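Trainee: Chain by chain, the residues run as shown.
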Amino acid sequence: MAREILYREALNEALREEMRRDPTVFLMGEGIAERGGSYKVTVDLLKEFSPQRVIDTPIAEASFTGAGVGAAIAGMRPVVEILFIDFTMLILDQIINQAAKYKFMSGGKAPVPFVLRSQGGVGNGLAAQHSESLEALFYHIPGLKVVMPSTPYDAKGLLKSAIRCDEPVIFLEHKLLYMTKGDVPEAEYTINFGQADIKKRGKHATIIAWSNMVPRSLDAAAKLANEGIDVEVIDPRTLVPLDKATILASVRKTERVVIVQEAVRRGGVASDIASIIQAEAFDYLDAPIEIVAGLNSPVPFNLSLESRVVPREEDIINAVKKVMYI
Amino acid sequence: MAREILYREALNEALREEMRRDPTVFLMGEGIAERGGSYKVTVDLLKEFSPQRVIDTPIAEASFTGAGVGAAIAGMRPVVEILFIDFTMLILDQIINQAAKYKFMSGGKAPVPFVLRSQGGVGNGLAAQHSESLEALFYHIPGLKVVMPSTPYDAKGLLKSAIRCDEPVIFLEHKLLYMTKGDVPEAEYTINFGQADIKKRGKHATIIAWSNMVPRSLDAAAKLANEGIDVEVIDPRTLVPLDKATILASVRKTERVVIVQEAVRRGGVASDIASIIQAEAFDYLDAPIEIVAGLNSPVPFNLSLESRVVPREEDIINAVKKVMYI
Amino acid sequence: MYTKEFLAQLYKKLYTIRVFESRCIQLYRQGLIRGYFHPYLGEEAIAVGACAAIERHDYITSTHRGHGHCIAKGAKVKFMVAELLGKKTGYCKGLGGSMHIADLAVGNLGANAIVGANLPLGVGAALASSMKKDGKVTVVFISDGASNNGVFSESMNLAAIWNLPLITIVENNQYAVSTPITQSTCEANLFKRGEALGITSQQIDGNDVLTVYETVKNFAEHCRRGEGPFLIEAITFRHGGHHVNDPGLYMPKEKLDYYMSIDPIKRGRQYLLEKGGASDNEVKEIEATVEKNMEEAIRFAQSSDELAFDDFLAIVEGY
Amino acid sequence: MYTKEFLAQLYKKLYTIRVFESRCIQLYRQGLIRGYFHPYLGEEAIAVGACAAIERHDYITSTHRGHGHCIAKGAKVKFMVAELLGKKTGYCKGLGGSMHIADLAVGNLGANAIVGANLPLGVGAALASSMKKDGKVTVVFISDGASNNGVFSESMNLAAIWNLPLITIVENNQYAVSTPITQSTCEANLFKRGEALGITSQQIDGNDVLTVYETVKNFAEHCRRGEGPFLIEAITFRHGGHHVNDPGLYMPKEKLDYYMSIDPIKRGRQYLLEKGGASDNEVKEIEATVEKNMEEAIRFAQSSDELAFDDFLAIVEGY
Ligand SMILES: Cc1ncc(C[n+]2csc(CCOP(=O)(O)OP(=O)(O)O)c2C)c(N)n1
Ligand SMILES: Cc1ncc(C[n+]2csc(CCOP(=O)(O)OP(=O)(O)O)c2C)c(N)n1
Ligand SMILES: [Mg+2]
Ligand SMILES: [Mg+2]
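Chains as they are written, first to last, in this note's numbering: chain A, 1 to 326; chain B, 1 to 326; chain C, 1 to 319; chain D, 1 to 319.
Quick caveat, the hints were computed from the structure, so don't treat them as lab data.
Just so we're clear, the structure is a prediction, and the values are computed from it rather than from any experiment.
Check each hint, because a few of them may be wrong.
In silico lysine-lysine, BS3-like type, Cα no more than 27 Å apart, as pairs [to be verified]:
| no. | chain 1 | residue 1 | chain 2 | residue 2 |
| --- | --- | --- | --- | --- |
| 1 | C | Lys192 | B | Lys47 |
| 2 | D | Lys132 | A | Lys47 |
| 3 | C | Lys217 | B | Lys109 |
| 4 | D | Lys132 | A | Lys160 |
| 5 | C | Lys266 | C | Lys78 |
| 6 | C | Lys76 | C | Lys217 |
| 7 | C | Lys133 | B | Lys109 |
| 8 | D | Lys192 | C | Lys192 |
| 9 | B | Lys160 | A | Lys253 |
| 10 | A | Lys109 | D | Lys78 |
| 11 | B | Lys244 | A | Lys321 |
| 12 | D | Lys88 | A | Lys109 |
| 13 | B | Lys47 | D | Lys253 |
| 14 | D | Lys76 | A | Lys109 |
| 15 | A | Lys40 | C | Lys78 |
| 16 | B | Lys321 | B | Lys199 |
| 17 | C | Lys88 | B | Lys109 |
| 18 | A | Lys322 | B | Lys253 |
| 19 | B | Lys109 | C | Lys78 |
| 20 | A | Lys47 | D | Lys133 |
| 21 | B | Lys40 | A | Lys244 |
| 22 | C | Lys133 | B | Lys160 |
| 23 | B | Lys40 | D | Lys253 |
| 24 | C | Lys76 | B | Lys109 |
| 25 | D | Lys133 | A | Lys109 |
| 26 | B | Lys223 | B | Lys321 |
| 27 | B | Lys244 | A | Lys322 |
| 28 | C | Lys217 | B | Lys47 |
| 29 | B | Lys160 | C | Lys275 |
| 30 | C | Lys253 | A | Lys47 |
| 31 | D | Lys133 | A | Lys160 |
| 32 | A | Lys109 | D | Lys132 |
| 33 | A | Lys181 | A | Lys160 |
| 34 | A | Lys244 | B | Lys321 |
Just chain A, same shape as in the assembly:
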C-alpha cells in the first residue's frame, strides 16, 4: 500500500526506520533535535530517540562533521546534516581529505559508513550564499557516493540505502522539493545505488536530469507531448555510481540528448555525462548533446533575476527542439 507523503516526510521516515533498525545510527546537525531541522526533516525524532542519537550541535561544521567521520570509523553510522550545501564549503577537508580517503589510506581496511545530508539549489530569494548547486565538487572525488533524489519515493529508498552503505555518501536534497508529494509504500524498501529511473518513457529524445530539474523536465516533456514530441526523461538518482547502461541504452534509442542541471554549466556534472556519452555512443548521436544549465553567475536575491539563472521549462523545451533540429 502506498500513500502520498511529502519528500521531507519520506526522509523523516527513512531516518526513523533506520534508527529503529540499527542502534548505531545517529543524527547530528544544527537545530535538528528540539526544532526538527530548518526544513523539518528530523521533526519529532527526538520524541522517539534519545538526545544522544539526535544531537544538536554548535555552529562548528568542520568539527562536528569530522566527529561524524571519526564516529563512523569507530563503528557508528552517523548521519550529519549541514543546513545548506553552501556551508559544506566549511567541511571539505573532513569530506575530501578524510572521509573519502580514510579507507584507502589505511590499506583498504576501515569502512567509513558516514552519510552527509545537505540541500542545495535556489529557493525564494535566499541569495548567493544559500542557493548554490555544488554536487560537482563531490562528484569529482574518488571514494564518495553522490545521491540526489527527486521524489519522495526515491528520497526514502535512497536514504535508507545510504545509511546502510559502508562508504561515505553525500546525500543532497533540494529545498524546493521538501514540500512536494508523491507515492511512498508503507512497506519497507530500499533503492540500490547506480540504478537510474526512467521517469517517463519516450522515443524522440533523451532528457537526463536530477533533483529539482526532474519535475521541471517532466513538465517540459508534457508540453512537448502536446506538440507530438515524445521524450524520455531519465533520472540517474545517484550521480556516483552513475547508471551508464540505462543512459547509453536510451541514447542509442533516441540518438538525441539533452542534459539538464541547475548548477552552472562550466565544470558541472552535465559536462561529464556529456563527455561519457560522446565517448561511448559517438556513432549514435544525431546532434550535439545540449546542456541546459544554470547561468554562469552567483544566485541573485531579486526574485525575477533568480528565476532567470536556473533552467526554465522553456529552456528545456527549446533544447529538445534544438537537438531534434526543429
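Dock chains B, C and D with the ligands against the given chain A, drawing on the hints supplied.
Mentor: Below, chains B, C and D with the ligands without anything else, positioned relative to chain A:
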C-alpha cells in the same frame, strides 16, 4: 634577452617585480618569509621587503585566507600561499562563498584583487593528502579565474597578470615543475588571461593539456613524430577564461582530440572541455574525443603505484593512436 | 558630560533601527520582502554605541542580523529598503538582499550569510589599515553562535600576533537560532576566549548604548596607537525569534521580560531626557522625523525598478 | 611505587621509538624511504607515558609526526618499516606511508597529514564510545601549531559540551615547522585555551615519561566516569629539524642543549635504574633486544613485496 631560469625562480621574479611596482601587493602564507616557502618560491623576498609585506602565518588557513580577501576588499593586493592544494579544502568558504561572490553580492561594486597561489599534483611519495589535482573545484565557480602555467615563461607572465587582475585568481602551480627550466626574458612582460599557447604545431591530432601534463604531452608528441604522427599540443594556460577559439580552430583543423589531465576523469576539467568541443565542433570530429586522466583513486604512497595513477607518456601515445584509428 | 546633540544623535539611530525593523517586518508579512530576515530588535544599543565611537571612514563587517549595523554606520534607509525589496536602487542593486547589504562609502564592508565569515574579512581590513597606516579601526560584529566556529579563535589569534586595530564585538544574545548558549558551551563567559589568546577582553552590558560607546571609544583609541586588538562581549537578548518566521517560543518569558525592561531604546530615550536635558517634545520630534523618513524610504523603494536582465548580465560578464 | 617490569616496559618503548626513528632516518638517507618523514626524536616521553596510561582497546589519533604514537600504542615495528618502505606487508599495504599509518587492531585510528584534522576524528571516536558506553577513552595527540587551527577550539568545545571521554595532548614542541610559538600566539601557555572553554587543562613536563603517565592515568579515570574531556599541554622540544631534510638551524643551541639535557630516553633509563632497581646489564639487554628487533624489521620490510597493481585496482574498485 632571455635566460634559462627555473619555474620557481620565474615565480619569484614575478612576485618581486610586482611588489616593487605596487606597494599594495603583499604575501601571506606559512613559512614563506624567513624560510622562503616549502618550494622556495618566495626565497629572499624578506630581504628586500618588510615583514609586513612577506607575512608568515600560523596554521590557520581559513582565517588568513579570509584576511587576504578582506585586505583585498580594503584596497590591498594580497597573494596568499596555501602550501598544498589539498589544504585549500580548508579555505573554500573564503574562496567560493566570499571572494568569488563578494563583488556580485555588493551589486557589482567592489573589486577583489586577490590571488591564491597553491600547488598540486603527485610528487614523489607524498601520498593521498599532499598529491591531489583539484582545479575542477575552482573551475566550476563563477567569479574565479583559474590559471595553471606549465613553463617558467608562462608562470612569470601569468602571475604578474594575476596580481594586476581585479578579480580573484586561483593560481595553481605543480610541485614537479618547480625545478624545470625555461627561457624567460629579462625585460618586463605579462601574459593576458584567456590566451592558449600552442606549444607544438601539428596537423594530425590535437592534444589539449595543462600544467605538468604539458611536458609529458610534448614528450609523447616527440615520440609520435618519430612514427610520422604530427600532433598539435595546446596549453590553455588559463582554464578560466578558456581560449575556446584556439582550441576549436585546432579541432577544426585536425578533427581529432585528446585531452590530458592529471586529475581523475570523473567531473574533471577535461570532461568540460570535451563537452564544449562536441557542442561547438560536432561536425568536425572524426572520432570520439579521448580523455587521458588520472586513475579514479586517491594517490597511493608507494612509488610504483603512484606512477600508475597519473597519465604516462604511453597512455597519451595510445590515446592519439586511438583517435587516429591506428 | 554628553551634549544634547550627541545623545539626540544616538537616540535617533536607536529609534531608526527600531522603526526600520518593525516596518520592514510588516513589509515582509505583506509579501513585499522575501528570503531570510533576521531582526536586530533589542540589540540596537550595540551597533549604535559602537558606530558612534568610531569614524565614518572606519570599517565594520556585519552578519546575517545586519540591518542595525548598517544603519548605525551611516546607511540611508531608503537604499536599504530598496535592497530588501530587491530593487536596483538598493545598495547592492537588489542582488544581495538583507544578508549581503554592503555600504562601502561609509566603510560598511557588508553583512554575511555565513556565520563567522565576516570575522576573517574584518581581520583583513584591519591588516590593510595596519599596512597602509591609514589610522582606521575595524569593528567586527558577531554573535555567540559564531564564537564556536573555528574562524573565531583563528582570526582573533591572527589579529593578536599582528597587533591589528581590530575590535571584535560578540553580541551575546544568548542564542544561535533556538540553541541557548548554555547548550553550546560550558563557559558562557565568552570574553575568556579572548583572554586565552592574550587579548584584552571585556564583558559589558550590551543594552546600554553609553557603555558600549565608552568601551569602544577607549579601545579604538588604543587601536589607533597600535595597541589592538580587543574583544568585547556585549550581553543582550533578542526581542523575538531568530528570524521573522520564528515565534521564538523557546525563549523564557521572564528573561524576555527582563531584557524588555532594559530595552536599549527606552534607555537611550531616558539618557536624552535626563542627561541631555531634552524635552518630551524634542524627543517626539526626533521620532516623527525618523518615522517620516522611513515612510519616504518605503515609497522610494516601492517606486523603484528592478535591475533589468541585461544589466544583470553585464555584471556577471566574464564570470 | 613503580615496578621494575613497568619501568622496563616504558623504557623499552622509549628506546624503541628512538631506535626506530634513528634507523629509519638512515634508510631515508639511503633513498629507501621517500616522501615526508617527521621524526619524533625528543618527544618520546609523551607518546609512551600517555599510551602506557590507557588500555589496548582505547583509541588514539595521531599526526604527521606519528611514529612514536604508533609504537607506543602497540604497533609492531616490522609492519611500520614495511609501510615506510611502501610494501604490501605494511600496516596500510604501502598505500598510506609515514603520514597515514593506522593500526586499528590496537585502537590507533591513524596518523594524519592535515594538521589538526585528527582532533575532530578523535572527538568522533570519543563520541562513539560515549554512545556505545564501551568505557573507552580517546587520546588525541596534536602539537602547538595545530592549536592555532580552528578545529582545535571547535573540537574541544564539542567535547566539553558532550562530556566526552577525550584527552587532548598538545605536544608543545614550540615550533610549527620553523615558526616558533612566540610568533604564532601572544599567549604561549596553550592550556589556557582549554580553560576558556571550561575544560580542566594542565601544563606538564613533556620530557618526563612518568609525569605524562600520571597525568593521563588520572584524567583517563575521570573520563571513564563520564567526567571528560581534558587538555594536557606537554612541553617538549624536537631534537632536530621539522623533517629529515630540515637541519633546523633556526632552533637556538642553548634551548636544544637544555632539552637534550632532559632527554626523555635518558630520564627513562634513569628511572629504570634508580626507581626500578634494574642493573646496567638489564638495561643493555633491553636495548639489545630492541636493536635486534629493529634490524629484523628492516630485513622483513626489505624482503617484502610491493602491492601488485591489480590488487591495488581491487581496492579502489567502485570509487
Ligand atoms: C556557517 C553557517 N552555519 C550555519 C548557518 C545557519 N545560521 C544562520 S544564523 C544562525 C545562528 C547564528 O547564531 P549567532 O552567531 O549567535 O547569531 P545571532 O543569530 O544570534 O545574531 C545559523 C546557525 C549559517 N548561516 N552559516
Ligand atoms: C592544514 C595544514 N596546514 C599546513 C600543513 C603543512 N605542515 C605540515 S606539518 C606543519 C607544522 C605543524 O606544526 P605542529 O602542529 O606544531 O606539529 P609539529 O610538527 O610540531 O609536531 C605544517 C605547517 C599541513 N600538513 N596541514
Ligand atoms: Mg546569538
Ligand atoms: Mg609543534
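Trainee: Each hint: holds or not?
Mentor: Taking the hints in turn, this is what the structure says about them:
1. Only pairs whose Cα atoms come within 27 Å are accepted, and Lys192(C) paired with Lys47(B) is rejected, the gap being roughly 39 Å.
2. With a CA separation close to 20 Å, the supplied pair Lys132(D) and Lys47(A) stays within the 27 Å bound.
3. This hinted pair does not check out: Lys217(C) and Lys109(B) have alpha carbons roughly 30 Å apart, beyond 27 Å.
4. A C-alpha spacing of about 22 Å is found between Lys132(D) and Lys160(A), which places the hinted pair at or below 27 Å, so the restraint holds.
5. Annotation: proposed proximity of Lys266(C) to Lys78(C) holds, straight-line Cα distance about 25 Å (limit 27 Å).
6. The suggested pairing of Lys76(C) with Lys217(C) holds, with an alpha-carbon distance near 24 Å, which does not exceed 27 Å.
7. This hinted pair checks out: Lys133(C) and Lys109(B) have alpha carbons roughly 24 Å apart, not beyond 27 Å.
8. With a CA separation close to 9 Å, the supplied pair Lys192(D) and Lys192(C) stays within the 27 Å bound.
9. Among the hinted pairs, Lys160(B) with Lys253(A) is inconsistent with the structure: their alpha-carbon atoms are about 52 Å apart, more than 27 Å.
10. A C-alpha spacing of about 19 Å is found between Lys109(A) and Lys78(D), which places the hinted pair at or below 27 Å, so the restraint holds.
11. A hinted pair counts as satisfied when its Cα atoms are at most 27 Å apart, and Lys244(B) with Lys321(A) qualifies at roughly 25 Å.
12. Under the criterion of a C-alpha separation no larger than 27 Å, the hint pairing Lys88(D) with Lys109(A) is consistent with the structure, at around 13 Å.
13. Proximity of Lys47(B) to Lys253(D) is assessed by CA-CA distance (about 24 Å); at most 27 Å being required, the pair is judged to hold.
14. This hinted pair checks out: Lys76(D) and Lys109(A) have alpha carbons roughly 17 Å apart, not beyond 27 Å.
15. Simply put, Lys40(A) and Lys78(C) have alpha-carbon atoms about 36 Å apart, too far for the 27 Å limit, and the pair is violated.
16. In summary, the hint linking Lys321(B) to Lys199(B) is supported, as the alpha carbons are separated by about 20 Å, within the 27 Å threshold.
17. The suggested pairing of Lys88(C) with Lys109(B) holds, with an alpha-carbon distance near 13 Å, which does not exceed 27 Å.
18. For the hint linking Lys322(A) to Lys253(B), the alpha-carbon distance of about 26 Å falls within 27 Å, and the restraint holds.
19. For the given pair, Lys109(B) sits about 19 Å from Lys78(C) by alpha-carbon distance, which is consistent with the 27 Å threshold.
20. With a CA separation close to 21 Å, the supplied pair Lys47(A) and Lys133(D) stays within the 27 Å bound.
21. This hinted pair does not check out: Lys40(B) and Lys244(A) have alpha carbons roughly 46 Å apart, beyond 27 Å.
22. At most 27 Å may separate the alpha-carbon atoms for a hinted pair to count; Lys133(C) and Lys160(B) meet this at roughly 26 Å.
23. Distance check on the hinted pair: Lys40(B) and Lys253(D) sit about 25 Å apart at the alpha-carbon level, within 27 Å; holds.
24. Distance check on the hinted pair: Lys76(C) and Lys109(B) sit about 17 Å apart at the alpha-carbon level, within 27 Å; holds.
25. Simply put, Lys133(D) and Lys109(A) have alpha-carbon atoms about 24 Å apart, close enough for the 27 Å limit, and the pair holds.
26. Pair hint Lys223(B) plus Lys321(B) holds up; C-alpha atoms about 12 Å apart against a cutoff of 27 Å.
27. Between Lys244(B) and Lys322(A) the CA atoms are separated by roughly 22 Å; this keeps the pair inside 27 Å, and the hint holds.
28. For the suggested pair Lys217(C) and Lys47(B), the alpha carbons sit about 38 Å apart, so the restraint of at most 27 Å is broken.
29. About 59 Å separates the Cα atoms of Lys160(B) and Lys275(C), which puts this hinted pair outside 27 Å; it is violated.
30. This hinted pair checks out: Lys253(C) and Lys47(A) have alpha carbons roughly 24 Å apart, not beyond 27 Å.
31. Taken as a hint, the Lys133(D) and Lys160(A) pair is honoured in the structure, with Cα atoms around 26 Å apart against an allowance of 27 Å.
32. Of the supplied pair hints, the one linking Lys109(A) and Lys132(D) holds, its CA atoms being roughly 22 Å apart against a limit of 27 Å.
33. Taking the CA atoms of Lys181(A) and Lys160(A), the gap is about 19 Å. The hint holds against a cut of 27 Å.
34. Between Lys244(A) and Lys321(B) the CA atoms are separated by roughly 25 Å; this keeps the pair inside 27 Å, and the hint holds.
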